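Going down the list, the protein sequences come from chains A and B. Heads up, my numbering is the position in the first sequence plus 86, with the first residue counted as 1. Heads up, my numbering is the position in the second sequence plus 9, with the first residue counted as 1.
Hints in this document: simulated from the structure, not taken from any laboratory. Since we're looking at a predicted model, the values are computed, not measured. There could be a bad hint or two in this list.
[Stated by the list, open to error] Subject to a maximum C-alpha distance of 25 Å in a straight line, what follows is the list of computed BS3-like cross-link-like pairs (lysine-lysine):
1) K171/A x K524/B
2) K171/A x K528/B
3) K136/B x K596/B
4) K171/A x K525/B
5) K187/A x K171/A
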Amino acid sequence: MTNQSTNSTGQVHHLRRMTIIWVVLSVVGDVLFSIFVAPHVPPGRLSETAANNQNTFNVLMEMAIPVLLGVWVYLSYSLIVWGDKRNASAAFSGAAARTNKTAQVSWIVITSVTILFLAAYGSFAVITEHGSGGGEGPNPAWAPAGALKAETAALVGKATWSPGSKNVLPVQVIGQQWKFTYRYPTFGGFESPQLIVPADTTIAFNVTSLDVIHSFWAYQLDVKADANPGVNDVAFTETKNPGNFIVRCSELCGIWHGSMYNSGKVESQADFENWATTTEAANAANTALLPAFAWTYTPDANGADGGYYNDTNDPYSTVETYGSKQPS
Amino acid sequence: MTISEERSTEVTGAASGHPHKARGLSWTQRPGIFSQNIITAAVVAILGYVLGHWFGNYLSSGYDYIQNSGQNNIANTLALAFGVVGWLLGIGALNYPFAKLFGVDGLEEESPVDNWTKYFRYSLDHKVVGLQYVVGVLLFLFTGGLLAMAVRAELLNPTTHLFSPDTYIKIVSEHGTIMMMMMTSVIVGPLGNYFVPLMIGARRMAFPRIEALSFWIFTAGFMVIFSALPYGGFPTGWTGYAPLQTQAGPGMVSYLLGFAVIGVGMILAGFNQAVTIINYRAPGMTWSRVPIFVWSILATAALLTLATPVLFAGGLFGLLDKTVQTAFYVTEHGGSSYLWENLFWFFGHPEVYIMALPGFGIAAEILPVFTRRPLFAYKVAAAGMIGVALLSFFVWQHHLFQSGINPDMRPLFMLTTELISIPTGFIFLVGMGTLYRAKIRLEIPMLFVLALFFNFLIGGVTGVFLSDVPVNVTVHGGFFVLSHFHYTIMGGLLFAFMAGLYFWLPKMTGKMMNKKIGKIHFWMMFVFFNLTFFPMFIIGLLGQPRRVFSYATNLQGLNDFSSVSAFLLGLSFLVFFYNLIWSMWIKPEIAPANPWESMGLEWQTASPIPPYNFERIPVIMTDPYRYSEDGAPAFADLGNGGPSDSSTHSMA
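Please put together the full structure from these sequences, using the hints given.
Structure below.
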């Protein structure tokens, strides 16, 4: 083994050997990954957001595989070749063993370039993909075209959506211990325990909470936004084909956090409109009792503070209920 | 004579014996149980607890947390706070300040009897405190580990539950908090206190009383956080997010106060380490000759001192909310839940590096010994540690990517978070460079160090995934994150701690750890650690959120695999404890003075280590880690027979 690939001074070209092993393994690893794993990386491609994020994940993975293999090949090689018992020559020592300018500078340059590329790539993705499905807070910086207009219209009950209209559909997600409910401002602001959204549509999820912090995670759509009391956290996604998805709470919200989940559906545009108009009509009596549609609601009496604070000291409302008037 | 030399030689007068021995017995210095020890501490702590509880009820009777619930947070808070003060009073931590305050003599803390009982007392000897910390940390770790076993047992089945949701969330929260608190001190406490003075050629820590105080505060903090369980636990996880925090029962007080108490101990420990390292280095130990482990402790000390006060303030706000109805964290009363998130993570992220840097230090310290060659790129290693420490203050918002704050700040925090992997990557440059053309001795400490590189690589690479906002959307708040930080903290720091224990216990106790059992321990821990946590990356990607008791039924296979591996991982710790008991008490094997043939200063002094470490202050002659170099001078001149310039270093 030590007789192969030696240079004129009899020194084995360790680095050259390692590089060859590394390159071969990395190519094989990356090819295997992209054929067998990449297309199946969760959470799939139900929405444009999910598809984009899957692509980003796969790019990072294609870069991570050579990094992991680089270190593993080096460690394995070292242990095999430079083990105490096998290695007849003395350990490398002296000034040359302590520093090596070429190695150090190239290490720093390579890692820095990789990191800067990753940061630029990630920033580009998050900006062009409208926040990549993450919660952007009350003032989304990277909203899709028409989203802000639809949001403004929704608040005053003037947003419209119909099959083929290409309008952005605002949907409100209300988290409370321990369930999610959904309000549809485009359809009279009715509230439903079911989340149904139309296919081929940009959805603006407006996530808020009535008590503690929850996190709305529509898994297959790849949307995740924290539900904070008193805050409207907006996240965007673009649905593609009809399909089912799971909604889970991904921020610890108390003892029943583990069972705070339900399922949602992407339906064809016609089916969605049918469901929405039917439900709007069926729920009309209930909707009249609900507070007017708003981005946030004052928590109810069993909400965030569990009755700890004296309600009469509350600067905003005298009766702390979901049905109370909004702070002006 | 340099400043550090002058300071180090101050105590030479007492080097041969006990500093207080000469003054005779005072009223506190009776032998046995009559002097102050852990028992008196417990008694006074209980008295303090009762007094605090009474006082709190006296101040605010009828002021229940929830009407007619009989839960009074003021009484609970004061009870625990008085209990902590009682603990410190009982152990003797306040004797010296009181003695100085009232001009009384003979209130010294230390026992005149120099036997095993000193380990149960307030001791000013850094070697005693170091060993106290070892035991304290292992107890802490064991408690947290048992809770982890309970968590994994619950997750064996997605629908059949072992615990009620209430109990389960308490267990999860207690596990996380105990582990996070313990990990802040796991290396700085035991190995930092014990070996930093030895490695820099000092006779003691800069502030021995503060050093002892930090240990006894650490133990008090442990008891405070554990008191959450009898109080009914807390449901918030270790992150303690408000408003869930505001809503939680009295166990939350234990969490907030526990973090505040531990925080004080962390600040004191960090401050003491920093002062010691800066001022107490032996003559000749310039900054480029400081052992790399000491560099890592210095960087950690800076983080402990600067980051922990933020946690302390955050905990204090929370306590005020819970006791006197302020509303720092209550949105509908003018506060903000984001305030806690930001305060917590502004501390929390540097804390993550408090848990990484000492591990890097141990890895880089141990590598040259078992590769028999110099540490590669020493300066890069030191710079990397300082760089990590600095950058760690600018990354905290990556924990809040999906929380709805400042969307346009996300590219910035993505950049800073990814930048930190550059200095973190230096440890791989150093490690891999040091393996190059080495003569690797696969002793147990070396195995743990190699495992650290394996584990931390996975932890670090997945960290880059998490810092990428688009990928973060998928993996935030799920098992992917959970696996990531177990890979960095457990796979990194805990493996380093084990490496450190196997490496240094022979010097600390004079007995070797059994190699055969050690190998079984290592392989079990390494294999089952990976088998436990690697599937969790996949579980997380498949959509399982953290801290849940029920999950999708199709994930049961992976969860069961992880759980069974976790039980075997737990078993590996029993193997470790068995090895510890076997090697220390049942069949002790006397350790040679320098079993690993290390050039480190801590191995050069006599064995067992004399009371003040060195007969005279050593003089550092050259750079560290000059292994296998013909004609290299010895690292230090200890003045015991070798060539010396004894004129300036006389013994008293």
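Each hint tested on the structure:
Restraint check: the Cα-Cα separation between K171/A and K524/B comes to about 18 Å, which is no more than 25 Å; the hinted pair holds. Under the criterion of a C-alpha separation no larger than 25 Å, the hint pairing K171/A with K528/B is consistent with the structure, at around 18 Å. Between K136/B and K596/B the alpha-carbon distance is near 23 Å, which keeps this suggested pair within the 25 Å criterion. At most 25 Å may separate the alpha-carbon atoms for a hinted pair to count; K171/A and K525/B meet this at roughly 19 Å.
Proximity of K187/A to K171/A is assessed by CA-CA distance (about 30 Å); at most 25 Å being required, the pair is judged violated.
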